[in-house]
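**Student:** The sequence shown begins at 1 in our numbering and counts up by one.
By construction, these hints were calculated from the structure, which means they are not laboratory data. There could be a bad hint or two in this list.
Stated by the list, open to error - Pairwise CB distance ranges (calculated):
(1) N11 to S61: 44 to 54 Å
(2) V23 to K116: 20 to 30 Å
(3) T109 to G20: 52 to 62 Å
(4) I25 to I130: 54 to 64 Å
(5) P12 to T34: 29 to 39 Å
What the hints assert, rightly or not - Calculated lysine-lysine pairs in the DSBU-like style (CA-CA distance at most 30 Å, straight line):
(6) K38 to K67
(7) K143 to K126
(8) K67 to K126
(9) K143 to K31
(10) K116 to K126
(11) K82 to K116
(12) K116 to K33
(13) K91 to K143
(14) K141 to K67
(15) K82 to K67
(16) K102 to K141
(17) K102 to K143
(18) K102 to K91
(19) K116 to K93
(20) K91 to K116
(21) K82 to K38
(22) K91 to K38
(23) K93 to K31
(24) K33 to K93
(25) K31 to K141
(26) K33 to K143
(27) K67 to K91
(28) K38 to K116
(29) K91 to K33
(30) K102 to K82
(31) K102 to K126
(32) K141 to K126
(33) K38 to K141
(34) K33 to K67
(35) K102 to K38
(36) K141 to K82
(37) K91 to K31
(38) K102 to K31
(39) K67 to K93
(40) K126 to K82
Cβ atoms here follow ideal geometry from the backbone N, Cα and C, with glycine treated the same way.
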Amino acid sequence: MQQYIEFLTSNPILSLVWIGLVVAIIGSMVKEKTATYKIIGINDATALANREEGVFVDIRSRDEYRKGHIAGSLHALPSQIKEQNIAELEKHKTAPIIVVCKTGQTAQTTANDLSKAGFTNVNVLKDGLIAWNEANLPLVKSKGKK
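Model the full structure from these sequences, guided by the hints.
**Tutor:** Here is the structure:
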């Protein structure tokens, strides 16, 4: 125990960094356990879509969506969801919703907003479209104005 105290007093900055990392890890674990959504992998996402009529909701920009998106996915901007301007999604309120973004990070905030809007089964695609592409799963392009 004496060695720990000696280390802490000799290396205060390094000690604070370690304490910060531990707090961040614990905070992340608590956030994940108490979240109103689930983070799911590609296999679970495709199973939800195929077996339970799950709906992919792509929250990337309109241009990114047009360049390539998951077949059958709906496009909604995070701002639309936050303002609850999501009439197109309302008919899918009880269906599994799989929120998709580029990396899986920004989708978490949107998933919380969907849960607050009354959607009962909200999921986030882990690692987003990057994981989808790495698994060599197909994307479709939208035809429209460039």
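**Student:** Decide, hint by hint, whether the structure agrees.
**Tutor:** Tested hints:
Our hint of 44 to 54 Å for N11 and S61 holds, since their Cβ atoms are close to 45 Å apart. Range check, V23 to K116: about 27 Å between beta-carbon atoms, so the 20 to 30 Å window is met. In this structure the supplied range 52 to 62 Å is violated for T109 paired with G20, their Cβ-Cβ distance being about 23 Å. For I25 and I130, the hinted distance range of 54 to 64 Å is not satisfied, since their beta carbons lie about 23 Å from each other.
Judged by the Cβ atoms, the range 29 to 39 Å given for P12 and T34 holds: they are separated by roughly 32 Å. Of the pairs offered as hints, the one joining K38 and K67 holds, with about 27 Å between alpha carbons and a cut-off of 30 Å not exceeded. For the proposed pair K143 and K126, the alpha carbon gap of about 27 Å is at most 30 Å, so the pair holds. Of the pairs offered as hints, the one joining K67 and K126 holds, with about 21 Å between alpha carbons and a cut-off of 30 Å not exceeded.
Annotation: proposed proximity of K143 to K31 is violated, straight-line Cα distance about 39 Å (limit 30 Å). With a CA separation close to 21 Å, the supplied pair K116 and K126 stays within the 30 Å bound. The straight-line distance between the Cα atoms of K82 and K116 is roughly 9 Å, inside the 30 Å bound, and the hint therefore holds. Among the hinted pairs, K116 with K33 is consistent with the structure: their alpha-carbon atoms are about 17 Å apart, no more than 30 Å.
Only pairs whose Cα atoms come within 30 Å are accepted, and K91 paired with K143 is accepted, the gap being roughly 25 Å. Distance hint between K141 and K67 is fulfilled; the C-alpha atoms sit about 5 Å from each other, no more than 30 Å. Proximity of K82 to K67 is assessed by CA-CA distance (about 24 Å); at most 30 Å being required, the pair is judged to hold. A threshold of 30 Å between alpha carbons decides the hint, and for K102 with K141 the separation of about 15 Å falls inside it, so the pair holds.
This hinted pair checks out: K102 and K143 have alpha carbons roughly 20 Å apart, not beyond 30 Å. The hinted pair formed by K102 and K91 meets the criterion: a straight-line CA distance of about 25 Å does not exceed 30 Å. A threshold of 30 Å between alpha carbons decides the hint, and for K116 with K93 the separation of about 12 Å falls inside it, so the pair holds. For the suggested pair K91 and K116, the alpha carbons sit about 16 Å apart, so the restraint of at most 30 Å is met.
Our distance criterion of 30 Å between C-alpha atoms is met by K82 and K38, whose separation comes to about 19 Å. Annotation: proposed proximity of K91 to K38 holds, straight-line Cα distance about 21 Å (limit 30 Å). This hinted pair checks out: K93 and K31 have alpha carbons roughly 24 Å apart, not beyond 30 Å. Taken as a hint, the K33 and K93 pair is honoured in the structure, with Cα atoms around 23 Å apart against an allowance of 30 Å.
A distance of roughly 35 Å separates the Cα atoms of K31 and K141; the hinted pair therefore is violated under the 30 Å criterion. Taking the CA atoms of K33 and K143, the gap is about 40 Å. The hint is violated against a cut of 30 Å. Distance restraint check for K67 and K91: the Cα-Cα separation of roughly 26 Å lies within the 30 Å cut-off, and the hinted pair is therefore satisfied. A threshold of 30 Å between alpha carbons decides the hint, and for K38 with K116 the separation of about 14 Å falls inside it, so the pair holds.
Annotation: proposed proximity of K91 to K33 holds, straight-line Cα distance about 28 Å (limit 30 Å). With a C-alpha separation of about 19 Å, the suggested pairing of K102 with K82 holds against the 30 Å cut-off. For the proposed pair K102 and K126, the alpha carbon gap of about 10 Å is at most 30 Å, so the pair holds. Our distance criterion of 30 Å between C-alpha atoms is met by K141 and K126, whose separation comes to about 22 Å.
As the CA atoms of K38 and K141 are separated by approximately 28 Å, the hinted pair is consistent with the 30 Å bound. For the proposed pair K33 and K67, the alpha carbon gap of about 34 Å is over 30 Å, so the pair is violated. A threshold of 30 Å between alpha carbons decides the hint, and for K102 with K38 the separation of about 17 Å falls inside it, so the pair holds. Restraint check for K141 and K82: the C-alpha separation of about 26 Å stays at or below 30 Å, so the hint holds.
A C-alpha spacing of about 29 Å is found between K91 and K31, which places the hinted pair at or below 30 Å, so the restraint holds. Between K102 and K31 the alpha-carbon distance is near 21 Å, which keeps this suggested pair within the 30 Å criterion. A hinted pair counts as satisfied when its Cα atoms are at most 30 Å apart, and K67 with K93 qualifies at roughly 27 Å. Pair hint K126 plus K82 holds up; C-alpha atoms about 21 Å apart against a cutoff of 30 Å.
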